[in-house]
Structure formats: C-alpha cells, structure tokens
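Undergrad: Chains A and B, in that order, give the protein sequences.
When you line the first sequence up against my numbering, it's residues 44 to 126, in that order.
When you line the second sequence up against my numbering, it's residues 93 to 707, in that order.
By construction, these hints were calculated from the structure, which means they are not laboratory data.
Backbone N, C-alpha and C fix where the C-beta goes; we use that ideal spot for every residue, glycine too.
Errors might be hidden in some of the hints.
[Claimed, not checked] Footprint (simulated), chain A over chain B, 3 or more residues, beta carbon under 8 Å: (1) 95-106; (2) 557-563.
[What the hints assert, rightly or not] Selected chain A positions facing chain B (in silico; Cβ < 8 Å): (3) 57; (4) 87; (5) 121.
[What the hints assert, rightly or not] With the Cβ distance kept under 8 Å, some of the chain B side facing chain A (calculated, not the full set): (6) 320; (7) 334; (8) 336; (9) 567; (10) 569; (11) 670; (12) 674; (13) 688; (14) 692; (15) 696; (16) 707.
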Amino acid sequence: MKIRIKLYASLAEYLPADAVKNEADLEVNDGTTPTQVISRLGLPERMCHMVLVNGVYIAPDERLEKVLEEGDHLAIWPPVAGG
Amino acid sequence: MAWAKNILRVNLTEGTCKNEPLNMEWADKYLGQRGLATKYFVEEVDPKVDPLSPDNKLIMATGPLTGTCASTAGRYSVITKGALTGAIACSNSGGFFGNEMKNAGYDMIIFEGKAKSPVYLFIDNDDAKLVDAGDMWGTSVWDTEDAIKQKHQDPQIRVASIGVSGEKGVKYACVVNDYHRAAGRSGVGTVMGAKNLKAVAIRGTKGVGVKDAGRFFEAAAAGKAVLAGNAVTGEGLPAFGTQVLMNVINETGALPTRNHRDVQFDGAHSISAEAMAEPRESDGKPNLVRNSACFGCTIACGRISTIDRTHYTVAERPQYQIASGGLEYEAAWALGAATGVDDLDALTFANFICNEQGYDPISFGATVGAAMEMYEDGYITDKDTGGIELKFGSAKALTDIAELTGRGEGFGAEIGLGSKLLCEKYGHPELSMSVKGQEFPAYDSRGIQGMGLTYATSNRGACHLRSYTVASEVLGIPEKTDPLVSDGKAGLVKAFQDATAVFDSAGICVFTSFAWSLEDVAPQIDAACDGEWSVEKLLEVGERVWNLERNFNNAAGFTAADDKLPERLVKDAAKTGPAKGLTNQLDKMLPEYYQLRGWTPDGVPTNETLSRLGL
C-alpha cells in the first residue's frame, strides 16, 4: 500500500530523491508502523521528536504499535519550536 | 545591583528630563521591566485615560538582567495603555536598544505629557535632552535611525523610533529599534506618535554591575550550556527560526486560514522555513541569507532575508534589494495564511514595509484578512478600497495595502483601524478575529484548545506570548498534552502566564523557556540582584504581575464579558484536519481558570487573592 511521508527541517535530507515540497509517496507493506518507516528511511531516532499521523501526535511508545493505513500521512520533525 | 536604580522622567509638555531613584521596595515585588514598569504605570495613570491623550504615559523599561552577560539579556519593554485595545499594553523587544539604555544607567524612562512639536530624546550616559525632530517627522524608521546616527556622528547610537504609520495614528503602530526589532503589539507606537515623540536615541557606556560576580558568571555560563545542549535552542531555532512552525501547525490542523474560515492552508509550504531555504530560479539564491542574534543571545533565531530581484515588488526599486529582517512565523502567517497569499517574496516585501514604517504585521495581516472576507462577501466595494481588488490570495492587493497602511493613506488608513473597528464600520463586527480589540496570532484555538483560553484571558488582548501553551500542546515542551481536549488547560494556561511574566520582567527572552525552567533562571537573578530570589518567589512575582494587569483592565472598564472569543471559533467547527468537527471549549475552561486564579465567577480578583499577593 501507499502512504505519504513528510520530513521537515533537518530531516529533509532523508527524503527520497523524488520528494516535492518535503513530501513523497512510499510503498509499504500492510501492517507497517511508524517505527518501521523511521528505520527504513534511516532517520536517527533521537531526531524523530514529533511524529504525526494525519496530523495526530503519536507518542514514542505508540510508534511501535500504531498500524499505518493506505493513504495515511506520516509527518516527522526533529525538536523544533517558534512563536 | 543589576538594577541601575535610576529612572529618567521625561515631561514632554514641559520639555524636562529629570532623574529619580528607582523604588527598590517595588523592585523586590515586581522585579523589573514588564512587572515593575506596570506597577509604576498603574500608580500614576488613570485607568480610564484615553490612550492617545497627553495624560496617558509611556514607559520604556529594562529588566535587572538587561545588559548583563546572561544569555538573551538585551530585552526591553514598552508599557502604556494600548491604542489598539484600551487595555494595559506591554510590548517586548530584543535587538540592542535595551542593552544600550541599561548601560547608559537607566532602568526605565517614563514619558508623560505631549510635546508641542516633534522631538526625539537623546541620551549620552548621564546627559539626556529633547531635540527637535521636525526634519524627521514624515520619514520612516529606517531613515530616522540613519539620520540620528549621522547627525550625532556616532554609528554606535542605538535608536528606537516610530515610522509614518505611528505618526498617522495607525492603531497597531510599533516602536522599532535596530531597524527591524520591534515592540510590536497593541499600538505602543501609536501612543508614542500621539506624544509627538519620534525617537529615543541612546549611547551608554557605563556598564552593568551584579551582586556576586563570580556566582553570576557561573550561573550565566550554566544557563548558556543548557541552551546550547538543547535541541530546540541549540539547533532548531538557529537553523530554521520560528518559521519552522508553518508546516507543523498546518499539519496539526490549527493554521488559521483566510480570516479563520479554515484551519489548514494549501499554500503553507510555499511560505515556510523550508521554502525560505530553497534556491530560487532567478539567481539560485534562497530567500534566507543567514540567521541573526540580538544582544547577548546564544540562540540566534532571527532571519535575514532578501527578495528575488525580479519580483514585481522590487524589480524597479533597488532600495528594497537588500538583506533585512525576514519573516518570522507569526508575521508569515498573518501576511500569508490569514490572507490566503502564498507568494513568499510578496510576504517578505510586506514584512520589510512593516519594519520600515513601523507597524505590527500580525494585526495588519489579520485585518487585511478580515477586509478580504468583507470584500468577497460584498460588504466592502472597489469604491471603498480605491479600486484595489481585495480578494483572498491576491499578493498585489496585500503589498499595495501594506504600502498605503505604512503611509496611513487611502484604504490603508482604514486597514490601520485594526479589524475590530474596521469590521464594526462595515457592519460586521463578527468578522473581526480578535479579543479585546487585538487580532489573534497564528494558532487556531479549535485545533489547540488551550490557546482559546490563552487568547480570551490575555491582559493585552489576543496574544500567544502571554501563555504559549502551543509548547506543551503541540511541541511537547516541557510535557506533551493533547491539543484537542480542554481538560487540564486552565491550570496549564495559568502556569504559563505566571512563568512568562517572570521572563518578561527579568530582561531575558521568553524563547529561553524552551530550554530553561525557572530553576535555571532563579540562580542567575539571585546572583545578580539584591535580595534573595528563589523559584517560589519568582512565581509569586509572576502571579502578582498578572493580577496587577488584570486589576488595571477591570478598572479601565473591562469585564468577564471581554474574556470571550469570536463566535466563529466557538460555534463554527473546524472543517478539516484532526480538529474537524471541533469548536473551542472556552465555556468549560474559563470558570475553572477563574477559580484557580482566586477570582470571582465574574473574573475579579477576590480580596483574599489581592491580600495574599500584597496588592
């Protein structure tokens, strides 16, 4: 199935070459979790501070179990702030 | 120590400048800057005063740490009754002006009365005098700063001034220092303009003492180590600035779009930190030139930007083909998502104009967004706008209106009223996205529930800098809470409000709070300042300051009925994103908040609360 990944700030360097505006589609197996995507893309775990699926925050201990679905948007940021 | 223990009182009506000692009993209870200046203000000014009358006063105030080697310790604030709101106003700025003021030997400058003709205050350490500014009236912030430095033949003079918008009465005019740092909100520059005070120029070389130098250097170094080691203050903010939030908040479904009609903006990426770093087609260079730091800051979140030289706004105008203050998140949101404009160069140009002519990009952009909605709904016509087609998404309309507002001319003068008065004038007050007359910043409270209570109860009108619960609700600092629920948010808002009042009263930047708790701040204040300063005492100061401000607003005529959000946010549910179907639950949070504050159900501090805080 296909999901959309979005990597921002310093994580942008881990995006696939065909990414546009920090987004790319990724083919994954059924039952894939955020942790598996993070591992597959080689993202340093300590830099995956904010992990959102369809805009909803996934806590670190939920990233192992949350099962992604077709068309889900998985967005990840390192520690950032502003205001 | 730390305090200069000296105030300069400037009577503009009489043309006098007099020194007086700082009230150290008050300093022990209100610390400095926001807290201490507000204490002076409420003691001296009738709460019912017309903000633009000579009887209103305006105070420029440093904190005890301002000018020391603590990180970010270059802050100063402008305290007055706000022209935009009629509420207590306190706008905080970085840059280098605050440090210069403190090094000249002043904790505060209190301006009273009104000059007969335009003047600026010139301070060279102990020598303070009012100087004719007739030749500068009608010129921009940038030209005023250059003219003063040239006139006194000293490029190291630091200047805080108003632009033409402040002279012309734009309700949200700023006081701008160091070309592009601003005491930005609530119309503090408008009050300055009403006093015929064009600028304050300072050269200060006296130094700032501290109580225990050895202990202070250790505490300041420890604080800097915390900032450097923190991923947000040591890596994220210097590299990406506040603008990194654009995609975060959009993804979260809390990016107010087109005057809060929507909560997500399809053009968000085009105006984000990531877009600012992308090479452009014309010259291969990105919008972002480099980051920058204010005095003593070891974070350096500032943005220095250029506009594409082929862009319509600057192609024929080389004076804007410069590297200058770039977009911060709140400004980019207001100029962009709030208006539906996704042209990064147009936004950067509008931001340059806001700096050059000294007005608040948040209130400006939000007011343009409200005007665009009224234009599209037919309440405002081409006749009203002078022919400007004021449609959502029109970059040309945005930049044309920005220039008109900077000069206080044409339809720009109406945009200069702010959204509350503008929407009332055209018969649709419900379309003003504001609280107490001040426009919302960049977070939709349907998607971040705590921000609804933050805005509703902010003493200076809608503002994110009074209790930035976004840090907890979205960014997970210091602990993650769920942005979609209202439970627990009353306590969170109160805690943020009280702690923030301490940072704002100390002379340091609130951005340190992404890494520092008061446990990091207290040792620095305790080593620098007379007296003993614990975390508990600082929290009491914060709560005292909050109640002091609230009391002033209540006496000025505000009531619990003013602690409310526009109906759009509490009746019209978010249409997309995680908050789809949700409204803000202010009615659930507000009673609990009043109770936690020790206020009556009508939002009035009880005698017991006032007595406990020594008010």
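Undergrad: A separate judgement is required for each hint: does it hold in the structure or not?
TA: Status of the hints after comparison with the structure:
1. For the stretch 95-106 of chain B, the stated coverage by chain A is violated: 0 residues have a C-beta nearer than 8 Å to a C-beta of that chain, whereas at least 3 were required.
2. For the stretch 557-563 of chain B, the assignment as covered by chain A holds, since 4 residues bring a beta-carbon within under 8 Å of that chain's beta-carbons and 3 suffice.
3. Checking residue 57 of chain A against chain B by beta carbon gives a least distance of about 14 Å; that is not within 8 Å, so the hint is violated.
4. With a cut of 8 Å, the hint placing residue 87 of chain A at the interface with chain B is violated, because the nearest CB-to-CB distance is about 11 Å.
5. Look at residue 121 of chain A: its Cβ gets to within about 6 Å of chain B, closer than 8 Å, so that hint holds up.
6. With a cut of 8 Å, the hint placing residue 320 of chain B at the interface with chain A is violated, because the nearest CB-to-CB distance is about 14 Å.
7. Look at residue 334 of chain B: its Cβ gets to within about 3 Å of chain A, closer than 8 Å, so that hint holds up.
8. Proximity of residue 336 of chain B to chain A holds as hinted, the smallest CB-CB distance being about 5 Å (cut-off 8 Å).
9. Against a cut-off of 8 Å between C-beta atoms, the interface hint on residue 567 of chain B holds, since the closest Cβ of chain A lies about 5 Å away.
10. The interface hint given for residue 569 of chain B holds, since its Cβ lies 6 Å from the closest Cβ of chain A, which is under the 8 Å cut-off.
11. The interface hint given for residue 670 of chain B is met, as the beta carbon of that residue sits about 4 Å from the closest beta carbon of chain A, less than 8 Å.
12. The restraint placing residue 674 of chain B at the interface with chain A is violated, with a minimum CB-CB distance near 12 Å, outside the 8 Å limit.
13. This hint is violated: residue 688 of chain B has a C-beta 24 Å from the nearest C-beta of chain A, more than the 8 Å allowed.
14. Given hint, residue 692 of chain B at the interface with chain A, is violated; its Cβ is 32 Å from that chain's nearest Cβ, farther than 8 Å.
15. At a threshold of 8 Å, the smallest CB-CB gap from residue 696 of chain B to chain A is about 30 Å, leaving the interface hint violated.
16. For residue 707 of chain B, the interface hint is violated, since its Cβ never comes within 8 Å of a Cβ in chain A; the closest pair sits about 29 Å apart.
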